[in-house]
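Trainee: Next come the chains, spelled out residue by residue.
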Amino acid sequence: EPEVTQTPSHQVTQMGQEVILRCVPISNHLYFYWYRQILGQKVEFLVSFYNNEISEKSEIFDDQFSVERPDGSNFTLKIRSTKLEDSAMYFCASSERFGGGYGYTFGSGTRLTVV
Amino acid sequence: DAKTTQPPSMDCAEGRAANLPCNHSTISGNEYVYWYRQIHSQGPQYIIHGLKNNETNEMASLIITEDRKSSTLILPHATLRDTAVYYCIVRVATGSGNTPLVFGKGTRLSVIA
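Residue numbers (my numbering), protein chains in the order written: chain V, 1 to 115; chain C, 1 to 113.
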């Protein structure tokens, strides 16, 4: 069964450092998403991406965050200057199409720890 | 914010059917009902979705009331591996906007041996 692959599985970074989280969505999917989950809290939407541009973003997705699809397979989330409160699980997801008839496939996540 | 209401937790005996309720009384005509689950800290896993009719797949059945204001996810023979947080989500089916999935707190299902 096709999978969404995320790397690394765990990343530790110092406060103020830049970090890039990587995702390889399912190959025929057109819509891409990033979510995060702070320990013990809800899964929160960050951003959706389609046709090489951001479709929608949440209040969490401020100027410190950016997304990119640098080639035909990767989808990245960059945090420019990490803060302690950025520590969370970050999940990438993709879907074949937009619309209610299509579910998302999530990756297994990257655990980001900011120290 | 999530547009659904779910009980915070439920228990189910192994081998029995698990029936997880969800209230979505403000659902619109063009919104689907999705169910996902999250096992421990893994990524959410898609289970099933429906619009009006009841749906069944290899994982579960989804029963939607005629007025569409509530639904029930049924795991016919729960196993210990079904212990997870189950999320009921409503999401628009079509439109110009790319409405994302919005997760609530879900129901923590504990399957007990």
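Hint data in this document are derived by calculation from the structure and do not stem from the laboratory.
Beta carbons are placed, not taken as given, at the ideal position from N, Cα and C, and that holds for glycine.
Any given hint might turn out to be false.
[Said to hold, decoys possible] In the BS3-like style, the derived pairs of lysine-lysine whose C-alpha atoms are separated by at most 30 Å in a straight line are:
| # | chain 1 | residue 1 | chain 2 | residue 2 |
| --- | --- | --- | --- | --- |
| 1 | C | K105 | C | K52 |
| 2 | V | K83 | C | K69 |
| 3 | C | K105 | V | K78 |
| 4 | C | K3 | C | K105 |
| 5 | C | K52 | V | K83 |
| 6 | C | K69 | C | K52 |
| 7 | V | K42 | C | K105 |
| 8 | V | K57 | C | K105 |
| 9 | C | K69 | V | K57 |
| 10 | V | K78 | V | K42 |
| 11 | V | K42 | C | K3 |
| 12 | V | K57 | C | K3 |
| 13 | C | K52 | V | K78 |
[To be verified] One side only, chain C facing chain V, incomplete, derived with CB under 8 Å:
| # | residue |
| --- | --- |
| 14 | A13 |
| 15 | A17 |
| 16 | P21 |
| 17 | N23 |
| 18 | P44 |
[Unchecked claim] For each label pair, taking beta carbons as the anchor points, the in silico distance ranges come out as:
| # | chain 1 | residue 1 | chain 2 | residue 2 | range |
| --- | --- | --- | --- | --- | --- |
| 19 | V | E68 | C | M10 | 39 to 47 Å |
| 20 | V | Q41 | C | S28 | 26 to 34 Å |
| 21 | C | T5 | V | E59 | 39 to 47 Å |
| 22 | V | S9 | C | D11 | 43 to 51 Å |
| 23 | V | E3 | C | L80 | 47 to 55 Å |
| 24 | V | R80 | C | E14 | 45 to 53 Å |
| 25 | V | V24 | C | R81 | 25 to 33 Å |
| 26 | C | P8 | V | S81 | 34 to 42 Å |
| 27 | V | S108 | C | N57 | 16 to 24 Å |
Trainee: State for each hint whether it applies.
Mentor: Tested hints:
1. Between K105 of chain C and K52 of chain C, the direct Cα distance comes to roughly 24 Å. Compliance with the 30 Å bound is thereby established for this hinted pair.
2. Taking the CA atoms of K83 of chain V and K69 of chain C, the gap is about 41 Å. The hint is violated against a cut of 30 Å.
3. The hinted pair formed by K105 of chain C and K78 of chain V meets the criterion: a straight-line CA distance of about 27 Å does not exceed 30 Å.
4. Taking the CA atoms of K3 of chain C and K105 of chain C, the gap is near 11 Å; set against the 30 Å cutoff, the hint holds.
5. About 44 Å separates the Cα atoms of K52 of chain C and K83 of chain V, which puts this hinted pair outside 30 Å; it is violated.
6. Note on K69 of chain C and K52 of chain C: the hinted pairing holds, with a Cα-Cα distance of about 10 Å set against a maximum of 30 Å.
7. In summary, the hint linking K42 of chain V to K105 of chain C is supported, as the alpha carbons are separated by about 6 Å, within the 30 Å threshold.
8. Pair hint K57 of chain V plus K105 of chain C holds up; C-alpha atoms about 21 Å apart against a cutoff of 30 Å.
9. About 28 Å separates the Cα atoms of K69 of chain C and K57 of chain V, which keeps this hinted pair within 30 Å; it holds.
10. A distance of roughly 21 Å separates the Cα atoms of K78 of chain V and K42 of chain V; the hinted pair therefore holds under the 30 Å criterion.
11. Using a Cα cut-off of 30 Å, the hinted pair K42 of chain V and K3 of chain C holds, with the two alpha carbons roughly 14 Å apart.
12. This hinted pair checks out: K57 of chain V and K3 of chain C have alpha carbons roughly 19 Å apart, not beyond 30 Å.
13. This hinted pair does not check out: K52 of chain C and K78 of chain V have alpha carbons roughly 40 Å apart, beyond 30 Å.
14. Because the beta carbon of A13 of chain C sits about 27 Å from the nearest beta carbon in chain V, more than 8 Å, this interface hint is broken.
15. For A17 of chain C, the shortest C-beta to C-beta distance to chain V is roughly 23 Å, which exceeds 8 Å, and the interface hint is violated.
16. At about 19 Å, the closest approach between the beta carbon of P21 of chain C and any beta carbon in chain V exceeds 8 Å, and the interface hint on this residue is violated.
17. Evaluation of the N23 of chain C hint against chain V yields a violated restraint, the C-beta minimum of about 18 Å exceeding 8 Å.
18. The closest approach between the C-beta of P44 of chain C and any C-beta of chain V is roughly 5 Å, which is under the 8 Å cut-off, so the hint is satisfied.
19. Between E68 of chain V and M10 of chain C the beta carbons are some 41 Å apart, a value that agrees with the proposed interval 39 to 47 Å.
20. Against the hinted window of 26 to 34 Å, the Cβ-Cβ separation of Q41 of chain V and S28 of chain C comes to about 27 Å, which satisfies the hint.
21. Evaluation of the 39 to 47 Å hint for T5 of chain C and E59 of chain V yields a failure: the beta carbon distance comes to about 23 Å.
22. At about 31 Å, the CB distance of S9 of chain V to D11 of chain C disagrees with the hint of 43 to 51 Å.
23. Distance hint check: the CB atoms of E3 of chain V and L80 of chain C are about 24 Å apart, inconsistent with the given range 47 to 55 Å.
24. Restraint check, R80 of chain V to E14 of chain C: a C-beta distance of roughly 48 Å satisfies the suggested window 45 to 53 Å.
25. The supplied range of 25 to 33 Å is met by V24 of chain V and R81 of chain C, whose beta-carbon atoms lie about 26 Å from each other.
26. In this structure, P8 of chain C and S81 of chain V meet the distance hint of 34 to 42 Å, their C-beta atoms being roughly 36 Å apart.
27. Separated by about 22 Å at the C-beta atoms, S108 of chain V and N57 of chain C satisfy the suggested range of 16 to 24 Å.
Checked against the numbered hints above, the structure violates hints 2, 5, 13, 14, 15, 16, 17, 21, 22 and 23; every other hint is satisfied.
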